[in-house]
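S.K.: Residues per chain, in single letters:
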Amino acid sequence: MVRRMSVAAPCKLKASDYKSGTKPVWCPGCGDFHVLASLTKAIAALALVPENLAVVSGIGCSSRIPAYLNCYGFHGVHGRALPLATGLKVARPDLTVICAGGDGDGFSIGGNHLLHACRRNVDITYVVMDNEIYGMTKGQPSPTTAPDWDSELAPGGTGVSPFHPLVIALASGANFVARTFAGDVKGTTRTLAEAIGHPGFSFVQILSPCVTFRPDQREWKNKVHPPPVTFTTDPAQAARRVMTDDGFNIGVLYKGSRDIYGQAVERNAEFERDLDAEFLV
Amino acid sequence: MVRRMSVAAPCKLKASDYKSGTKPVWCPGCGDFHVLASLTKAIAALALVPENLAVVSGIGCSSRIPAYLNCYGFHGVHGRALPLATGLKVARPDLTVICAGGDGDGFSIGGNHLLHACRRNVDITYVVMDNEIYGMTKGQPSPTTAPDWDSELAPGGTGVSPFHPLVIALASGANFVARTFAGDVKGTTRTLAEAIGHPGFSFVQILSPCVTFRPDQREWKNKVHPPPVTFTTDPAQAARRVMTDDGFNIGVLYKGSRDIYGQAVERNAEFERDLDAEFLV
Amino acid sequence: MTGQPGMSFSVALLGKGGAGVITAGDMLLAAAARCGLYGLMIRAVGPQIRGGESAALVRLSSVPVECLDDRFDVVLGIDWKQAEQLLSEIAVDADSIVVTDPAEDAVPHSIAASGAVLRQLEMKELAESVSGGRVNMVALGYVAGLAGISQEAIRHAIEKNIGRKGRQAVDVSVAAAMLGFSRSQRSAAPQTGGGQAGNRWMISGNHATGLGALRGGVRFAAAYPITPATEILEWLAPRLKDAGGTLTQAEDELASINMAIGASYGGVPSLTATSGPGLSLMIEGLGLAVCAEIPLVVVNVMRAGPSTGIPTKPEQSDFNAAIYGLHGDAPHIVVAPNSVTDCVYTTQWAVHLAEATQAPVIVLSDQFIGQAIVVADPVPAISFFTKRKVAEEIPEAFERYAITADGISPMPLPGTAGGQYTADGLEHSAAAKPSGIASDHSAQLDKRARKIADFDYGQHWADIEGAGELAILTWGSTASVVREALQRLPDKVTGRLKLITLRLLLPVRQEDMAAALDGVNRLLVIEQNHTGQLYRFLRAWYDLPADVDTVHRPGPGVFRPGEIATRIDAWCGE
Amino acid sequence: MTGQPGMSFSVALLGKGGAGVITAGDMLLAAAARCGLYGLMIRAVGPQIRGGESAALVRLSSVPVECLDDRFDVVLGIDWKQAEQLLSEIAVDADSIVVTDPAEDAVPHSIAASGAVLRQLEMKELAESVSGGRVNMVALGYVAGLAGISQEAIRHAIEKNIGRKGRQAVDVSVAAAMLGFSRSQRSAAPQTGGGQAGNRWMISGNHATGLGALRGGVRFAAAYPITPATEILEWLAPRLKDAGGTLTQAEDELASINMAIGASYGGVPSLTATSGPGLSLMIEGLGLAVCAEIPLVVVNVMRAGPSTGIPTKPEQSDFNAAIYGLHGDAPHIVVAPNSVTDCVYTTQWAVHLAEATQAPVIVLSDQFIGQAIVVADPVPAISFFTKRKVAEEIPEAFERYAITADGISPMPLPGTAGGQYTADGLEHSAAAKPSGIASDHSAQLDKRARKIADFDYGQHWADIEGAGELAILTWGSTASVVREALQRLPDKVTGRLKLITLRLLLPVRQEDMAAALDGVNRLLVIEQNHTGQLYRFLRAWYDLPADVDTVHRPGPGVFRPGEIATRIDAWCGE
Ligand SMILES: Cc1ncc(C[n+]2csc(CCOP(=O)(O)OP(=O)(O)O)c2C)c(N)n1
Ligand SMILES: Cc1ncc(C[n+]2csc(CCOP(=O)(O)OP(=O)(O)O)c2C)c(N)n1
Ligand code: SF4
Ligand code: SF4
Ligand SMILES: [Mg+2]
Ligand SMILES: [Mg+2]
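Protein chains in written order, with our numbering: chain Z, 1 to 281; chain F, 1001 to 1281; chain W, 2001 to 2574; chain S, 3001 to 3574.
By construction, these hints were calculated from the structure, which means they are not laboratory data. A quick note: this is a predicted structure, and the numbers were derived from the prediction, not measured. Every residue, glycine too, gets a C-beta built ideally from N, C-alpha and C. Any given hint could turn out to be false.
[To be verified] Quick look at which bits of chain F chain Z covers, simulated, 3 or more residues with Cβ under 8 Å:
id : region
1  : 1118-1126
2  : 1155-1168
3  : 1231-1241
[To be verified] For lysine-lysine, the following BS3-like pairs were computed, each having C-alpha atoms within a straight-line distance of at most 30 Å:
id : chain 1 : residue 1 : chain 2 : residue 2
4  : F       : K1138     : F       : K1012
5  : W       : K2433     : F       : K1138
6  : S       : K3241     : F       : K1023
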């Protein structure tokens, strides 16, 4: 069917042209505003044609991002953004497909799809705005929340070790792994552009403060720092590095070159005739 | 409520006393017979009281195991064995809870629960009989299947990299990680006993051949070998080792000492009075 | 102030996020309670996560109230930014008083056009005159004054609400409130002072649900947050600990329901709570609990659907999913609280039913019931004989799924010597062995159906009020509205009317219903959804009078008594 | 051989796993086709994964057949180990021939007691006399001989089935088969030779479903294996590739349905296939497709429930889940093929409906229809005008969810300049912005309901046969049994009878049904489940004659024509 290729030539639009004009529901000061800014800048830098870009998400504050962009969007159900994005990209390899969402969406309810999307290595970019909280539902611990963080649902803390998104991504075979800080718009823009450009499944964890339920995260800007060394192409080495770092290393950590899943296939012109012949006895 | 403690003293039963007598549905020669044998031997070695042991599973050939044991069992739905086991153990810390199943059940549909069970570190033992196939549904690739393994559902292979169960378990915080080979009943028995005895979430991957759909796995007995070095207590090191090994290392690979989730709590004797007072205005 | 019931006084407090209108509303309600009034409050919010407009919709009354009134006596806007969407829920008329701050924008057009009496109140200025004072406290004092609430009661409510912040904070707030109070004057508000201070409850439906669960004996809960059910879980978390139980946060709803099933298999009464999207994910687990015969309570706090829908607004549209959603023939129980306070009772009953029948029970609450806060009389504890039929002595040829006359098979709990068996979602024999044999399948299907159908639900299946040849059938949050609508109708109408509020939606009670409908020749079914789900269900399963009418419309707005009274009046006159 | 229709001959081949009875049954069917016969085969298996007993139940006939007969003319046991459970589905009587190998155990008691004629056949010995020969081929030759099938046809069937193993293998099998054939003799089997070699199809319902999907234009499938739906996906995998499409194996059903939704959003007609437990997991995704208005086909091949149930046996018990399972008011379409061959047509229609209405369509097949293999006339391709209403030229103030008269809003596909919008499971305005406003909600609810209700389903909604004042209403695999039952009843009964087989289960077709029931004063509803799910649905939504009866029983055994004929006959005489 519609397996047409991108027709329009790369265009020269400004970052602001990639905004839809819809006013975000986000709280003033939310880190996700910076992510929106960085993403539009990255897309503009890559000169992507709006109608050939699709941004797919789940449910959460962060997952509202597609509607704020001037491109095709899908605001799906909670935790299922990656399968949506996978189906879309496999069926329409001509599109640039970005998947976006939060730590609850991606690491809690959606954790299984992260594992398998990394393994499968479809050519999409997955951006997780990690604020170590369920923002939309008003402040419950997420898989990246510290074990002693007090909340109504887990008084005194969950007592559960946080999830290491980058390690999991590496262990499952992601082809590009990076961490950025939302407040660092320049660095985030650069990294997002690189991730989108990198073939295969690229994973970018963006530390994006929730100013409402985690005011302590305003401190993040003082904590983040570039990684001690440059990226590696050895996943075991990269995993070891991030398993032992302080969680505030930002930058590209790993780049791989695995085969991409789901390249366009050639139609067999005889296939309809073959179908009818097949059942004859 | 029923938070009674194990009353019976450890008993001296033979391994065969832990079999229910129900005839397994498994194909003659299936690796799961060896797992059943090893498990009953391990339980006998630990002198567990049958009524204080619960074995919980999902759906698949391997997941049929509870019914073949003389203990409390729960054959749940596909992929949800770990949450079942978690709820049971948290509610009834006095029981020994073992969770068992296959690679499809545990790594495909159930992958998310593996991540979070490792993180949570409830004191259960998770045994995965890995045959790199969906046996019960007659031979589809699972997450541990090699990318070039030909099947009806994925002619010529899936092209997708296999999942590394041990690495994922380590990256998510499992407290004990081991791999055994079903045919090595002695080693499997020893390892299972150690895993059950280890506090917290222990994960044992058992390479258990599917003689029907993977006759090639009969070769496994010639491939497995003990690990080059003894287990470590450093998850990053353990992860690095298994990310670079040949997949046939057997033995205990990692032992941790993290805090266990969900220890029994003390009831507040006043709580009913407090409840009634709370809404008064 | 509108006619019946009693003397009712409705106030809407509006302001942008952070302005504290919800806190002010809470305090107003508490202060009113102190003066012996009853009341109800709901919060309405715009789409912004924070910083958007929000409103506290408060209704005070001299008699218990469980729904909003049609219109507001007083609307006070701390500001009017982005108020338009909220105002669609806040009807004003020429009898209303609208209070506005001259320092803020002018009142929105829709309000100005209503003919309401405009009053200026320099809230900002007054607040600033107290060091640290806030506008919401000025507003509180003002409307409390209009409502005839005493200064002592205001002080008490502030104390109770922010006392933990220290004396200084309380004093500042009280001072600001008194400034507002001093500008105010008694309006035609309900008679205060009738009640006795300290003998009212202030409780939300979600907390009431938690209370019912604890009273019923729930000692394990598995949680995955979702609006508007989260407060049930958050309320339970510390209290379960106190009760010697646990709440475990799950990674998703698939995990949460299976955790609850695992815990209940272990003998501990268990619960999880969710809303539409989560219920959809729990369907497979519900089927497992049916087949393996595990007691389980799932509270579903309905919001407008389908899909993600409108998470902060109510609708009675998960009826079908709760009744029919499970694949296969899967008998289970569905109950619905019919008011905020009834959540205590109905949830406790749900635990009782689950434990007694070894089956999953769905409690269908909704966003209105769940998040509304009422001031009401304390809800007494009821002692149901909540007991699982546990096999403690295990006979020789014990069968877990034995075919019994009442369909309930004694269940051994892990730890019971000799009771070892494997619970199973595969069809099985009485001896709990997997079986594909026709006779086993039909015996187990019959047994699972029988234990639910034949259980003694007593008079709890429905609340029946009045008598006559006309009947109204309703359920859930709509019931309170219908009840109030009936109070407003003349005796010549209501004298012919019987109100049947279903608490037990599944299983069907054909005999009870036949008795209830005896002598009824016309029936009106009222519910809040797009397709008349209850109406269709009644047609499918009950013998109804020949003349049946249906009133149904979707959310997000709740029904109001006037709207329903008009519909009923017209129907009676048909 | 039993009376009508035509001349029918039923053979059961039993043997332990590995004995090859299924292969023999396959070849028997193919050989019969070559001789111009029609036929049907199902496999029955014990609980063992492999090595347990299995049986090929084959029915041959001179006219098309789509269900099993009541009894078997021939039962051949290569051995009888563990045969008891299977034998409950294999009725024999004094007219039956039972073939047994003297080298094996004696025939089971139930067979011996039937009075059937016992014949000895030294299958093992004969097979061993050919180097490399197998018993199943001896059995094939013997029963083919009984059925009057030619040697040439047997050879041809063997060639077709194992030709790829080489000449040697074929010759050995043929030699063994001829030994069996030589011991055989023509029985009272159907007339062969009537048809023309090479103009029959041999197809299973699951493959037919795949074919219908491809013909309908499906070019993306997402797969998670589950019995008894897996063959649809396995059949599609290589063929989708050929067609320039793809099949992606997903990690679970939550992923598979969302992958299909993503692909369809991209403009590619998409499908996934599952069974009960998987359907339960897909409920949330179905609701998303409803709200975001994404075309989608979900094939649900029903097996006995609830929960894991009996995976290898049929039941029509997912009706409720498919119709009502979604939370919120979620209009969608449910269709059901009513025979093995009808899977081609109904699935193709389902793709057409999904694409045309931008909604999810559930195809309710079942284990019997899905896994039965029939020999039938080729199913011609139909060209539906399968076209999505795509927005290609984007006007100035384009609205994705525009309120249109027919409820269908033009949908821009990614790549279309100016059509950018965000598909959403949140309620939204016509312009695809999230909205909690009452007027938006009801406008979209109305629109989504209207596009499904008002669509032109033509005459495809039901197959209507006969006329009279009595009507039978049925669906799915039960329909073929009812059809055959009617053929067996005397004209004085069937002359008064109309058979209505619903293909469109949802939306309801009240006008069409009223027309179909015009003049009907009694109605009988027949279905295979425990609670009469279709019957209750009909009561809920249709105006039925005053006198309605229901025949329903659960699986695992399928209905047989004799059983149904007796029920109908009794009902007609009431
Ligand atoms: C199936 C389902 N379960 C639960 C929810 C409720 N819910 C909405 S958003 C959310 C968590 C969001 O957290 P995150 O993904 O971290 O996003 P954030 O709001 O922090 O950006 C939850 C639990 C839902 N919408 N659907
Ligand atoms: C929700 C759901 N989806 C799919 C299935 C079908 N199914 C049964 S077992 C199985 C895979 C089993 O594979 P594995 O866990 O590796 O076990 P094995 O049979 O190989 O031991 C599948 C997909 C199911 N029962 N339930
Ligand atoms: S709640 Fe937190 S994550 Fe959500 S919009 Fe506000 S600041 Fe951002
Ligand atoms: S199919 Fe494979 S895994 Fe299943 S019982 Fe047979 S050998 Fe074992
Ligand atoms: Mg978050
Ligand atoms: Mg497996």
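S.K.: Hint by hint, which ones does this structure get wrong, listed from lowest number up?
M.R.: 4, 6
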